[in-house]
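Q: Sequence:
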Amino acid sequence: MNSPYSVYGIGDIEHKYYNRTSGLAGTGLALNSSSYLINNNPASIAGLERSLLVSSIEATGKTSEYQGDPTNITNNVNRDFWIKGISFGIKVNKLWASSIGFSQFSNVNYKFTGSRTVEGSTDTYSTTYEGHGGLNDYHWTNAFSLGKHFSVGVKSSIIAGSINQIETINALYLNSTLSTNVKDYAGTARFQFGALYKMKLSKKLDVSFGGLYSAKTKIISERTISVFQNDESIIEDEITGYKRFWLPAIYAGGIAFSRKLNDRTTTFAADYKYENWESLRIKGDGWRLISSHKLSAGIEFSKHEKKINTSFEKKFYQAGAFIHKSYLRINGQPLNEYGITAGMGGIVGKNLPYSLSVEAGSRGTTTSGLIKETYFQFTIAFSLRDYIFSKGRKYY
14 MNSPYSVYGI GDIEHKYYNR TSGLAGTGLA LNSSSYLINN NPASIAGLER SLLVSSIEAT
74 GKTSEYQGDP TNITNNVNRD FWIKGISFGI KVNKLWASSI GFSQFSNVNY KFTGSRTVEG
134 STDTYSTTYE GHGGLNDYHW TNAFSLGKHF SVGVKSSIIA GSINQIETIN ALYLNSTLST
194 NVKDYAGTAR FQFGALYKMK LSKKLDVSFG GLYSAKTKII SERTISVFQN DESIIEDEIT
254 GYKRFWLPAI YAGGIAFSRK LNDRTTTFAA DYKYENWESL RIKGDGWRLI SSHKLSAGIE
314 FSKHEKKINT SFEKKFYQAG AFIHKSYLRI NGQPLNEYGI TAGMGGIVGK NLPYSLSVEA
374 GSRGTTTSGL IKETYFQFTI AFSLRDYIFS KGRKYY
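For what it's worth, the numbering used here labels the leading residue of the sequence shown as 14, then goes sequentially.
I should point out that these hints are in silico values taken from the structure, not numbers from a laboratory.
There may be inaccurate statements among the hints.
Here are the in silico distance ranges between beta carbons for each label pair [to be verified]:
1. Asn349 - Phe389: 17 to 25 Å
2. Trp95 - Gly160: 25 to 33 Å
3. Tyr367 - Val167: 44 to 52 Å
4. Ala202 - Lys316: 38 to 46 Å
5. Lys363 - Phe389: 32 to 40 Å
6. Lys363 - Lys385: 40 to 48 Å
7. Tyr142 - Asp244: 14 to 22 Å
8. Gly345 - His306: 16 to 24 Å
9. Lys385 - Met212: 41 to 49 Å
Ideal Cβ placement from N, Cα and C applies to all residues, glycine included.
Required output: the full structure, derived from the provided sequences and hints.
A: So this is what it looks like as structure tokens:
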């Protein structure tokens, strides 16, 4: 059992970030960085240093323990490791920054057993249900600086992938199995728009505001079915039709305060995100999608160092927390999630920034026959950076 609730909709939709802000509970709508790719807000990459080329890879490992009536000693613990995203970004000139990459958008990974009857028979058969796959977000982000304090950006995405659902009926006394494999191949274009404004409140104190908007988006999927009996194909990849699924409109905002004292900076940030799932009226047997709310906040302490008249971040420490009212309600119960995070980072050599973070949290409830997940997660992100168009200039 990896993610028992990924059986619904298009799977578990990712709501976290695994970049420089992961130790801040993913809080970063009002943050940017001169040397890290922060993609929480499309406008943030405008903060990259001019002529800087950055490549980034993000990965996470997770251990989960499940509680509830459907679980037992054979399926109540799960461990997984994923590559969450790879991206490349460049500050092309003084005004324009651009990045490309991909990240995991949704994940389907479940397996459970039950029993069912077959049409035309009163016999009960042992049945296994499995699902795997998910959607990825292939994106191109462009951001533009409009003066010294204001930047805007747009993230253009192709969200695509496949979801496979397999039902296997075992008639042991007949020495027979019947397997039905339903595949959905989905894809759509999606756009997110962001803005970031930064200003000085005093000589040592800065404040920044960030905003994000994405319109309601329709996903079209082609569905095929394959049926096998005792590994012999009866039906193979027969197109049965097309399905529609909607992604909601998103409204999000953030604020951050940074106080600089000599070579040290203290930053406090907070974000709020609202996703309007309720208006889409997506529901099924015993479940429905409801509007989601996420509130996160974090604090960071960083130290800078100067070399050859250039200041760069030497190391940082972070802590954060979040509350997420999920978009999924099952048997009348919302699947809320709570978590705390801690992180640190720095630079190895001259060109290899890194960030590490841990997260502990819980999701769901054991009420109404549901499953509660308690988890611990470790995230690591590496960035490789180099300068182009530098005309022979040397940087620290």
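Q: Tell me, which hint numbers fail for this structure?
A: Checked against the structure, the hints that fail are numbers 2, 3, while the rest are satisfied.
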